[in-house]
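Heads up: the sequence lines are chains A and B, in that order. Residue numbers 27 to 324, in the numbering used here, belong to the letters of the first sequence in order. Residue numbers 27 to 324, in the numbering used here, belong to the letters of the second sequence in order.
Hints may contain errors.
Copies of the same chain look alike in the list, so a pair counts if it fits in one copy or across any two.
List of simulated lysine to any residue pairs, SDA-like, C-alpha gap at most 25 Å [claimed, not checked]:
#1 131 with 115
#2 269 with 321
#3 36 with 286
#4 196 with 53
#5 131 with 91
#6 131 with 273
#7 196 with 132
#8 323 with 273
In short, the hints are calculated from the structure, not lab data.
Protein chains: 2
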Amino acid sequence: MSIDVPSFLKDRARVVDEALERLLPSESEPPETLHRAMRYSVFAGGKRLRPVLVIAGAEAVGGRVEDVLPTACAMECIHTYSLIHDDLPAMDDDDYRRGQLTNHKVFGEAMAILAGDGLLTLAFRLIADNFAAAAASAAALREVLVDVADGAGTRGMVGGQAVDIESEGKVVSPATLDYIHVHKTAALIRTSLRVGAVIVGASADQVRTLSAAGSSLGLAFQIVDDLLDVESTSEQLGKTAGKDQAQQKATYPAIHGLEASRTRARDLIAAAERSLAELGPRAEPLRALARFIFERKA
Amino acid sequence: MSIDVPSFLKDRARVVDEALERLLPSESEPPETLHRAMRYSVFAGGKRLRPVLVIAGAEAVGGRVEDVLPTACAMECIHTYSLIHDDLPAMDDDDYRRGQLTNHKVFGEAMAILAGDGLLTLAFRLIADNFAAAAASAAALREVLVDVADGAGTRGMVGGQAVDIESEGKVVSPATLDYIHVHKTAALIRTSLRVGAVIVGASADQVRTLSAAGSSLGLAFQIVDDLLDVESTSEQLGKTAGKDQAQQKATYPAIHGLEASRTRARDLIAAAERSLAELGPRAEPLRALARFIFERKA
């Protein structure tokens, strides 16, 4: 089976966009400004990678898109909230994201903080909504909640951010760099790949396979991100290129060099592909997606 | 039955403190600074009103403290996160809270933002943990999640904050003032009073009664807060008194005057007591607590 990844991604992203449009509070519902601020960042041109991974994870074990859409949207809400808070002056102080002004540049810092808080809270509401069917299992809902809270919380994404912030301008060890990348980025990608499968009733073995693939894929994604920051122009990225170095961020190229970073990313993608092969042909879109992540240009 | 409210509160608050000590990540677990920041604000002398309401709500319908402790702690995590974010320079810019330096004054703004994010995320993990028993019902877990997400999100607390921030320095209508107070404070207090009862299997009628009481109690609580800001010293409050007026905040006394505000708070407390009477003698601690909220001095 040969997959055209750009059109696969585009197709799934369109379904996610339609669902987000429906599931996010309307701009005409009070508090209007806050809802406008939330929608501004959610619809600022994200690739929808995390929700697509939720969907592809579900499909890889025989589930359907519509079974996991609210949870897919929840992962995008969490990703977007993290970008809004990261861009704040007290954090990375970014003016542009995906070629557009960052949230606080448009709505002010207070509203940006609240828009992030609102999106994070909404994510858990959407997960609850995903289990509205009478036959929903409490055990599966619990597993998804634990997965998402751990992937997004201090033992995952927020923890990685905290160590990232603390490490700015310092010489960090390769172990600390791994800690930052694994927590800041890989944790939520791993969670995305798992939760869709859990919702549609995957076996423990299948979830373990997706976990392993998600860990590799997530770390590879962040290493490629580091490489793009060095090798691309701001125009290509839609955000300021070379910013990691300017902010003395801990990155793979800075610590391991460009060539070793490329090799590490390639090895991780290969490991993810091998894991996914265990799931058979239904996981072929995911394998193609893994290769695409390695080859992406923005 | 006569209840000694201060010792009832103190006793329940001690149980909550012990549970928070156990359920919050340790300061020796990475990311250490972030976990220290979270614990700093959670253990900064809060009255634990919201968790006590979760417990008292459960007890009012025949449940036990230990059935709802993780969710009680979740409500305190949400309350604490909201205080940390509110105190930020971009929001209310407060240096002191409960007589101690605010989170960002000790840990810096970036860490304070992340500590808030971490606590909000942890809250949903704790709710999931509360349903770890094999017999847990998916419907009850869903109901609690929806209740908490709506009470804390843009249709509740965060929505009230957004309108509060937007209204600073403006002349607000009584309707807008009600919107702010109902959402900013009353929503989460109402949720607290409901969720404990839902977890222990309260009937729909019992939950409705607690909702009504919670709405009245929550609004009364915020009006009393407004009154205390005018009538107390900073020493009594442990935070800067008179700050609402200095920041041109929309408050009950500013719009309706002191006497009308006192009357409104008293009427709301009476309404809450009447609702709670429907639940019989097991709700007597809650009724005493309602009176105590009206008479509190800080």
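For each hint, the structure was consulted:
{"no.": "1", "hint": "131 with 115", "in the structure": "both (10 Å within a copy, 16 Å between copies)"}
{"no.": "2", "hint": "269 with 321", "in the structure": "within (21 Å within a copy, 55 Å between copies)"}
{"no.": "3", "hint": "36 with 286", "in the structure": "neither (31 Å within a copy, 59 Å between copies)"}
{"no.": "4", "hint": "196 with 53", "in the structure": "between (43 Å within a copy, 22 Å between copies)"}
{"no.": "5", "hint": "131 with 91", "in the structure": "neither (35 Å within a copy, 46 Å between copies)"}
{"no.": "6", "hint": "131 with 273", "in the structure": "both (20 Å within a copy, 23 Å between copies)"}
{"no.": "7", "hint": "196 with 132", "in the structure": "between (32 Å within a copy, 21 Å between copies)"}
{"no.": "8", "hint": "323 with 273", "in the structure": "within (22 Å within a copy, 48 Å between copies)"}
Checked against the numbered hints given earlier, this structure breaks hints 3, 5; the rest are met.
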